[in-house]
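Trainee: For this one, chain S is given, so just place chain P on it according to the hints.
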Amino acid sequence: MYRVELRNISKKFGGIAALKDVTFKVLHGEIHALAGENGAGKSTLVKILSGAHTKDSGQIFIDGSEALIRNTQDSKKLGIGIIYQEFSLVPELSVAENIFLNQLGTGFLVRWNKMKIKAEELINSIGFDINPSLRVRDLSIAQQQVVEIAKALSEKVRILILDEPSAVLGTREVQKLFDTLTKLKKDGVAVIYISHHIDEIFQIADRITVLKDGSTAGSLLASETDKKSVIKMMLGRSLDTMYPSHNTFSGKEILSIENVSDGEKVNGVSFKLKEGEILGIAGLVGSGRTELARALFAADKIKTGRIFLAGKEFRQRSPGKTVRAGIGMVPEDRKQHGVILPLTIKENISLTNYKSISDVFGFIKTKKERENTIELIRKLSIKAEGENQETLKLSGGNQQKVALAKWLNRDCRVLIIDEPTRGIDVGSKVEIYDLIFELSKKGVALIVISSETQELTGICDRILVMRKGKIKSELTRKEFSEEEILRLSILD
Amino acid sequence: MIKTDRKISFQRVLQFLAKHNTVIIFIVMLVISAIVSDVFFTSANLFNLIRQVTPVGIISMGMLLVILTGGIDLSVGSIVAMTGVLCAIFTSTMSLPVAILLSLSCGILTGAVSGYLISVHKMAPFIVTLALMSIVRGSGFIFSKGAPVTVSDNASALTDFGSGSFLGFPNPAYIMILTFILTAVLLKYNVFGRIIIAIGSNEEAVRLSGIKVTAYKLSVYIICGGLSAIAGIITTARTSVGSPVMGAGMELDVIATVVIGGASLSGGKGTAVNTLLGVLILGMIGNIMNLINIPAYSQQIIKGLIIIIAVMLQRFRIKDS
Chain S
1 MYRVELRNIS KKFGGIAALK DVTFKVLHGE IHALAGENGA GKSTLVKILS
51 GAHTKDSGQI FIDGSEALIR NTQDSKKLGI GIIYQEFSLV PELSVAENIF
101 LNQLGTGFLV RWNKMKIKAE ELINSIGFDI NPSLRVRDLS IAQQQVVEIA
151 KALSEKVRIL ILDEPSAVLG TREVQKLFDT LTKLKKDGVA VIYISHHIDE
201 IFQIADRITV LKDGSTAGSL LASETDKKSV IKMMLGRSLD TMYPSHNTFS
251 GKEILSIENV SDGEKVNGVS FKLKEGEILG IAGLVGSGRT ELARALFAAD
301 KIKTGRIFLA GKEFRQRSPG KTVRAGIGMV PEDRKQHGVI LPLTIKENIS
351 LTNYKSISDV FGFIKTKKER ENTIELIRKL SIKAEGENQE TLKLSGGNQQ
401 KVALAKWLNR DCRVLIIDEP TRGIDVGSKV EIYDLIFELS KKGVALIVIS
451 SETQELTGIC DRILVMRKGK IKSELTRKEF SEEEILRLSI LD
Chain P
493 MIKTDRKISF QRVLQFLAKH NTVIIFIVML VISAIVSDVF FTSANLFNLI
543 RQVTPVGIIS MGMLLVILTG GIDLSVGSIV AMTGVLCAIF TSTMSLPVAI
593 LLSLSCGILT GAVSGYLISV HKMAPFIVTL ALMSIVRGSG FIFSKGAPVT
643 VSDNASALTD FGSGSFLGFP NPAYIMILTF ILTAVLLKYN VFGRIIIAIG
693 SNEEAVRLSG IKVTAYKLSV YIICGGLSAI AGIITTARTS VGSPVMGAGM
743 ELDVIATVVI GGASLSGGKG TAVNTLLGVL ILGMIGNIMN LINIPAYSQQ
793 IIKGLIIIIA VMLQRFRIKD S
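Heads up: the protein sequence lines correspond to chains S and P, in order. Going by the working numbering, the first sequence opens with residue 1, and the numbers climb by one from there. Going by the working numbering, the second sequence opens with residue 493, and the numbers climb by one from there.
Below, a sample of chain S positions facing chain P; criterion: calculated Cβ distance under 7 Å:
(1) Ala299
(2) Gly320
(3) Val323
(4) Pro331
(5) His337
(6) Ile340
(7) Pro342
(8) Leu343
(9) Thr352
(10) Tyr354
(11) Ile364
The following label-pair restraints were derived from C-beta to C-beta distances:
(12) Asp359(S) / Ser584(P): 38 to 46 Å
(13) Leu674(P) / Glu258(S): 46 to 54 Å
(14) Phe508(P) / Ile490(S): 52 to 60 Å
(15) Asp652(P) / Gln336(S): 49 to 57 Å
(16) Gly188(S) / Gly796(P): 56 to 64 Å
(17) Phe61(S) / Lys511(P): 34 to 42 Å
(18) Arg324(S) / Phe508(P): 40 to 48 Å
Read the hints as simulated data drawn from the structure, not as lab findings. These numbers were taken from a predicted model, which means no experiment stands behind them. Every residue gets a Cβ at the ideal spot worked out from N, C-alpha and C, and that includes glycine.
With the rest of the complex left out, here is chain S (with noise of 0.2 Å):
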């Protein structure tokens, strides 16, 4: 029998629909990973076990009995727990406080030592340690995660979902929550592990579920598959082809930047950049890259230095100047600066070239505009409704994929991409890599920035690795190793 058995749900959502006929059984005591690309169905699946969402059409088993799950309070009394990608947590109340949030009201008085000592023992047994009187607007993003983790563990929990956990955690402290659930795993909770990392997948998940487009891809326990099967099915086509091999093409001189600093992350920068390089930038959170993008696209100001745009010094910028220089930016926060959410996708695209598409008077030439957009989705092949559906409705991949449309809608000479692919699924990577090789080829210059070393690895011809706002080194292709990179991002 099954701790947890979902037949046949279907989903949509307008008129696209989000899952179709989709089987999905986890055992007690099994650790169940869900994998599949951004807008596969992973999340709308678990939204539905945890009431979030309800179903269109299908069953829902819980050992063995059919169970209706209309709201989040049914599935809490069903003893589904469930962590989310986007915390729910208050951060003006204590950790205490959030943990026991939904049982605070057992008596008329709460009992603030009782509760700060039960957060405490929680939190210590799965492996952490944290004041339980913080407030969680004080704590790291990894820490907020733990307490997450603890709320959900707070009530008896027979099914555990994790929605991408181990986004926001370090290395060590990913293995320290897998030590938590194989402790669960003992006690017989049914766990599912949603997650993008194929590594992890396999480090902790005794059974692999892939979805794609909506439906099952396969089921298959981890023992008796692999990363690249695995990969394949989540793509439809073998990692090999992620990285396509490029000819390093570069002109003339386009930008040349001689120690510039911005008083604060940015500290006496210089570098050059030729036409149809791709030139990354590679160091820790806080080295100071997005800082350097910034300055360079004069969203913040510099202090001291020059900048050289095709051999001519570039001074009292603006980002509308910048624009119109022709450089463009994809900020590192897609859903804060890269797209406006509430606006279609027509609008957001429209809005760094406004000047193409209207008159004299400002007044817009609609049809103009609308194969405009039409061309960019195609081109980019974002998947939506069409160019008037609202960005907020897309998925990350497809979000991104329209941040970067706005600067294919202008000929850019030069075009800043800080974390072109952070939090987006391997497809639509493998899509932004092929549209930063287009664009190289064409001879735009780009600049990209990345957490991810292998990433910086496999598409620039050169890489800057930024350490405490200075340029520690600069790496030429043949000079690439994950290994050195890091090495030189953390060490002075």
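Mentor: Chain P in isolation, oriented as in the chain S frame:
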């Protein structure tokens, strides 16, 4: 299953109500008005109603633009008084076109001051325009020496225009309609409108797309100040008197019409059509209560309640992904 179906259809109804709540409230108000008073649908009353809502109607379009960027302008009522007074004063010494242009410029200038402090110095719109509201109101009293100023006889063209009508509509109402059409077109078909809405949704993202956010924010306050001046001049034209107490509390009525029209005070959401309906709804509330002799104090309470109901209706949304 039947239960879920019913739930879904109930949610559909709520969603429908939420989506079209301004139109629905407008229709309900019309029906109620027709039932409770047989005078309501007479041309004399409708003429009166339109004339009453005109100043608020004109300013509401400027306020809509400001609110779309996520800002607010509390100084509009004071600008009405100051420009109304100035226009009346100017008529005694200057030719009418000059008098009108000068008082209009004063409104625009006031808007520019607010806009400059808000967009360039990044001060909070609420605080800046609250201060301007006080400064401008005081100026109106100083210019008029505290007493109403009568429009000079030389400027009879102004008062004739203000009190006259054309094709059964009060003359000033045509200015309101023109303002409405311009705003509606601007918001729907022009880059300016698109960018205003985008700024209200996410200012930083717009800036990082290479757009001069400062200029756009400055311009909405200038437009709002200019439209307030037009409302002030029209009010003076209609009554032949520029009074420093005109437009007291008007900013709240204007903001209320925009909110009843479904705009979000945090910016990025709102349309010209719904704002115009908001203007008419608020006007009808006052009008109908006068017709059926509800005392002024109770009127204020009912007005407040209707605003709450309107905004509450907007909150029903189907929970989607």
